[in-house]
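Using the sequences and the hints, build the whole thing.
One line per chain: the protein sequences are A, B, C and D, in this order.
Each residue of the first sequence is one higher than the one before, counting from 1 in this note's numbering.
Each residue of the second sequence is one higher than the one before, counting from 1 in this note's numbering.
Each residue of the third sequence is one higher than the one before, counting from 1 in this note's numbering.
Each residue of the fourth sequence is one higher than the one before, counting from 1 in this note's numbering.
Everything labelled a hint here was simulated from the structure, so no lab data went into it.
Heads up, some of the hints might be wrong.
For identical chains, the list gives no copy identity; a pair is met inside one copy or between any two copies.
[Unchecked claim] Calculated lysine to any residue pairs in the SDA-like style (CA-CA distance at most 25 angstroms, straight line): (1) Lys263 - Tyr142; (2) Lys263 - His216; (3) Lys193 - Asp212; (4) Lys127 - Val237; (5) Lys92 - Arg26; (6) Lys193 - Ala7; (7) Lys178 - Asp25.
There are 4 protein chains.
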Amino acid sequence: MSSTISANSYGKSLVRLTKVTRGKDRHELKEMAVDICLEGDFEEVYTTGDNSKCVATDPMKNTVYGLAAKHELANIESFAETLCRHFLDRNKQVRKVTVEIKEDLWLRLPDKAGEHPHAFMSAGKEKRTAEMIMERSAGKDYTTSLSCGIDEMVVLKTTDSAFFGFIRDEFTTLPESKDRIFATAVEARWTYKKQPADFNKTYELVRKTMLDVFAHHKSLSVQQTMYAMGEGVFEAVPEVADIHLRLPNQHRIPFNLEPLGLKNENCIFVPTTEPYGNIKVTLTRQPVGAAVSGRS
Amino acid sequence: MSSTISANSYGKSLVRLTKVTRGKDRHELKEMAVDICLEGDFEEVYTTGDNSKCVATDPMKNTVYGLAAKHELANIESFAETLCRHFLDRNKQVRKVTVEIKEDLWLRLPDKAGEHPHAFMSAGKEKRTAEMIMERSAGKDYTTSLSCGIDEMVVLKTTDSAFFGFIRDEFTTLPESKDRIFATAVEARWTYKKQPADFNKTYELVRKTMLDVFAHHKSLSVQQTMYAMGEGVFEAVPEVADIHLRLPNQHRIPFNLEPLGLKNENCIFVPTTEPYGNIKVTLTRQPVGAAVSGRS
Amino acid sequence: MSSTISANSYGKSLVRLTKVTRGKDRHELKEMAVDICLEGDFEEVYTTGDNSKCVATDPMKNTVYGLAAKHELANIESFAETLCRHFLDRNKQVRKVTVEIKEDLWLRLPDKAGEHPHAFMSAGKEKRTAEMIMERSAGKDYTTSLSCGIDEMVVLKTTDSAFFGFIRDEFTTLPESKDRIFATAVEARWTYKKQPADFNKTYELVRKTMLDVFAHHKSLSVQQTMYAMGEGVFEAVPEVADIHLRLPNQHRIPFNLEPLGLKNENCIFVPTTEPYGNIKVTLTRQPVGAAVSGRS
Amino acid sequence: MSSTISANSYGKSLVRLTKVTRGKDRHELKEMAVDICLEGDFEEVYTTGDNSKCVATDPMKNTVYGLAAKHELANIESFAETLCRHFLDRNKQVRKVTVEIKEDLWLRLPDKAGEHPHAFMSAGKEKRTAEMIMERSAGKDYTTSLSCGIDEMVVLKTTDSAFFGFIRDEFTTLPESKDRIFATAVEARWTYKKQPADFNKTYELVRKTMLDVFAHHKSLSVQQTMYAMGEGVFEAVPEVADIHLRLPNQHRIPFNLEPLGLKNENCIFVPTTEPYGNIKVTLTRQPVGAAVSGRS
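So, in structure tokens, the structure goes:
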């Protein structure tokens with residue numbers, strides 16, 4: 001042997017699940033893709049091919065369906081926790097379990113009396129996410145950390161967005177703009193300092209807050225708007241401890257109509273998917289009193 | 001030369017356009033991808049490399065942006081017509097122009113007072129489509145044919161769907177089902193016998209009708225439901241002459257929990273993308289009086 | 001009823017199959033995706049939900065695996081024929097079967113003594129295709145038509161490609177080019193006037209011929225090169241009756257370095273995926289003697 | 001302000017570049033997508049919208065094309081270094097630059113006399129990668145770390161792969177297998193303890209070694225084979241310090257032919273893309289003498 005294993009992990013990815021809960025007057029529909037990843041005492045699987053400590057990935061898949069049958073599945077956060085606990089409880093050689101769930105969202109179709117009880121329409125590419133990491137620890141229970149999130153929340157504003165005053169050198173051909181289109185696909189991940197009373201309501205509040213700030217912010221840059229979105233979440237949702245945001249800048253490039261003898265009155269654009277600006281930030285809630293002492 | 005050209009066509013595909021119409025209190029947003037295709041007297045471009053009759057595809061792209069600046073763009077149908085006419089008017093060697101537009105749909109974000117005037121959210125993968133074919137003809141004006149449509153309208157119902165009574169042979173392992181999930185991504189194309197007064201309102205009515213029928217139909221097969229959707233459109237939208245529907249059956253396969261010692265009460269499914277049932281039909285409105293005379 | 005069914009068809013799409021043929025010293029590997037489509041007397045499935053004539057799409061899928069076990073699968077053309085025949089033989093209500101197969105290609109990994117007997121590498125996105133249409137007819141046997149092809153054969157040449165002399169108007173900003181990059185993903189479909197002795201060898205010859213012509217042609221346009229590719233196939237492969245080619249022009253756009261104070265010596269380009277030129281032609285082999293009589 | 005910025009970064013992603021080097025008898029072709037990411041003193045861009053320290057992402061894109069014109073581009077590793085250095089040299093507020101390059105690979109088409117001088121064919125989805133991280137440091141020069149790699153190297157073996165002896169519980173329905181298909185898309189990342197004399201030759205040697213081990217290993221699990229691949233690289237390529245491998249298990253599932261009255265002689269499989277086993281390992285070369293002292 002010429003090497004040591006400095007890290008290893010394995011699991012099953014993209015286990016897709018549909019669960020229907022058939023209430024008397026109304027069906028609930030949940031769809032998701034589940035990723036399970038185990039870390040622990042698996043070195044001999046790699047070095048000698050001894051699989052006696054190996055949980056195969058096929059039963060991991062079966063476990064998703066089996067536990068989903070018993071679990072209420074009111075939210076993906078609690079299902080991720082159930083899955084983590086299962087693998088730690090059963091397998092002493094497992095030190096750490098990571099379960100990531102991405103939920104496909106469905107909206108109810110309208111019915112005369114409001115919402116249809118069992119017919120749905122896809123909400124599109126946007127997903128709700130939850131990632132639970134659970135580890136064996138010295139204490140009574142396992143250590144857990146939970147990250148909740150949103151993927152591909154695609155939004156666009158046609159004004160109230162500017163970008164100027166940046167550095168200019170010989171590689172800078174971009175004109176300054178006082179009024180540009182701002183389009184992005186919000187990716188958000190946040191953690192809670194205390195578990196919210198209702199995961200679903202808190203998720204809805206985080207989402208609504210981000211959309212409201214995006215819509216109303218007078219943006220001087222993607223960076224400034226995403227900072228404002230994070231600040232808005234801290235103000236509206238006291239349970240949130242920190243938030244990570246990634247806002248790819250999905251450029252709408254003004255088309256140069258001058259060679260065609262026409263004028264572009266900030267109305268004709270080319271939507272592009274590549275290249276894109278890739279802007280990221282992580283914000284942490286300031287401890288109570290920190291700002292005050294900072295001023296003194 | 002050992003061959004003759006039996007068909008040729010060329011054009012520009014995936015010309016992506018964003019147009020913002022900046023009203024005083026409210027912005028309108030249109031996004032689309034445009035395909036342009038020309039047919040005509042282009043044989044020498046192929047056989048000798050003589051490009052003197054060749055409209056290059058790059059100016060086709062420019063034309064989309066140039067004409068979009070002047071066009072109201074209230075709907076994609078009229079923009080497709082404008083583009084077709086442009087290429088026929090300018091180029092005697094062009095016999096036929098096909099313009100297909102696929103519109104990306106945006107919803108307004110909410111605002112205190114209803115809808116936000118300039119902030120939008122993507123409506124997802126669903127697209128509105130229009131295809132105009134315009135040909136030079138002996139008469140005064142060109143011959144036109146228009147097909148309108150919808151792509152990727154993803155819907156699902158958790159009940160009121162059955163499939164039984166089909167042929168059984170040694171290759172048939174599928175159990176009969178009195179209650180299965182029905183999930184699909186509706187693709188629709190329709191033509192008008194007379195041009196509707198308002199393309200947008202008529203499109204909305206076709207769409208709403210298909211959703212209503214899908215939600216309420218007691219389905220005995222994908223085939224039967226799509227037939228009902230077409231019938232529903234004919235009843236609700238008198239302008240529609242014929243309609244083509246493709247409903248891929250995006251199977252939700254019941255997961256067999258028995259080997260795990262559990263029972264699946266029609267609640268746990270595997271969503272799959274492949275293989276899929278691919279079901280198509282084209283319906284033509286029956287002429288007035290046809291049914292009556294048919295009975296005599 | 002307000003409508004008549006003017007067309008209907010249904011089937012199973014994307015049935016993915018791997019077949020391993022385990023020779024004593026060498027394994028053969030075939031992977032493909034199969035689409036099956038039936039047309040016939042299925043109106044009542046649509047209009048009344050009577051499934052008694054309906055071959056469900058799930059047994060279609062099973063049939064692919066079942067017949068693959070018995071079939072040699074030396075080429076996809078003969079497997080497509082076997083599948084077509086199966087559905088017509090079994091089902092009187094079926095009038096027409098279309099089977100389209102797209103083969104994923106694998107290359108053998110090298111071994112000391114040449115090729116490895118059972119280890120393979122993916123040949124990439126390129127696929128070999130076969131489409132068989134078989135119809136019930138008045139005669140003794142069914143009527144068949146076969147189309148063979150290639151998808152996504154991605155090639156590029158850095159010179160020997162020009163484009164000039166095209167029409168210029170106020171929408172034309174594209175400069176003429178005597179030396180541009182030519183990149184495309186060849187899509188080809190051809191038919192045979194008589195069945196070749198060996199489908200695999202003939203496919204290889206068509207493919208090699210198209211690549212040779214592409215590499216060596218002095219191109220004045222995409223159109224001219226694809227015409228030459230078709231002519232080359234007619235000359236090299238006497239069995240081919242006609243050929244359809246689609247060569248999307250995957251533009252490499254020269255990057256304008258002048259604003260950066262640099263010069264682009266035809267070396268720096270932006271590869272783009274959209275928009276793209278979409279160029280198509282269908283060539284038919286000229287009957288023997290046609291050219292001669294044409295001159296008289 | 002209710003929050004602090006605990007991390008931020010931004011840059012331009014998917015800057016696609018083609019460079020042609022026009023030698024007298026032979027052209028060289030390089031295609032790649034470049035991601036640039038900056039970290040540093042950018043807090044005010046987020047908190048106040050003051051862009052005076054902000055390098056916009058559009059000039060980052062221009063820089064890729066501008067520097068590519070001057071750079072030899074014999075390999076992506078040295079181009080990544082040039083890009084990193086450029087942004088640190090120019091911008092005091094930048095603390096860290098990450099440049100990741102993914103190269104699209106092209107093979108030369110054959111010519112009579114061997115390889116064609118300027119016509120190429122895509123090598124498929126496989127990519128060569130390089131990631132350079134360069135940071136400002138106290139010393140004379142910047143601190144650099146380089147990771148080289150391969151993405152999507154899709155391989156398959158039809159035998160010499162087994163999986164048995166794993167844990168069985170009530171969720172375990174997977175049968176043991178002494179002879180299964182092993183298909184994967186290798187993702188590899190490695191670092192060098194000393195810079196190789198020729199990045200291209202060393203990359204070729206790492207790649208060839210992994211393919212050889214994959215082809216010839218008697219596999220008891222994906223884990224065991226990837227460990228052997230890493231060990232093989234350490235033995236063959238002395239410059240490699242550590243290697244990370246991810247081998248998604250792209251299952252070929254034996255199709256159950258028994259309900260059809262047929263037998264599957266380990267020859268008929270369903271290729272699947274989801275779910276997949278996701279197997280990862282990082283190996284570090286053992287210091288010289290470590291194994292010896294380990295035995296004492």
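Evaluated hints:
no., hint, verdict
1, Lys263 - Tyr142, "neither (64 angstroms within a copy, 30 angstroms between copies)"
2, Lys263 - His216, "neither (29 angstroms within a copy, 44 angstroms between copies)"
3, Lys193 - Asp212, "within (23 angstroms within a copy, 44 angstroms between copies)"
4, Lys127 - Val237, "within (20 angstroms within a copy, 35 angstroms between copies)"
5, Lys92 - Arg26, "neither (42 angstroms within a copy, 43 angstroms between copies)"
6, Lys193 - Ala7, "between (29 angstroms within a copy, 19 angstroms between copies)"
7, Lys178 - Asp25, "between (53 angstroms within a copy, 19 angstroms between copies)"
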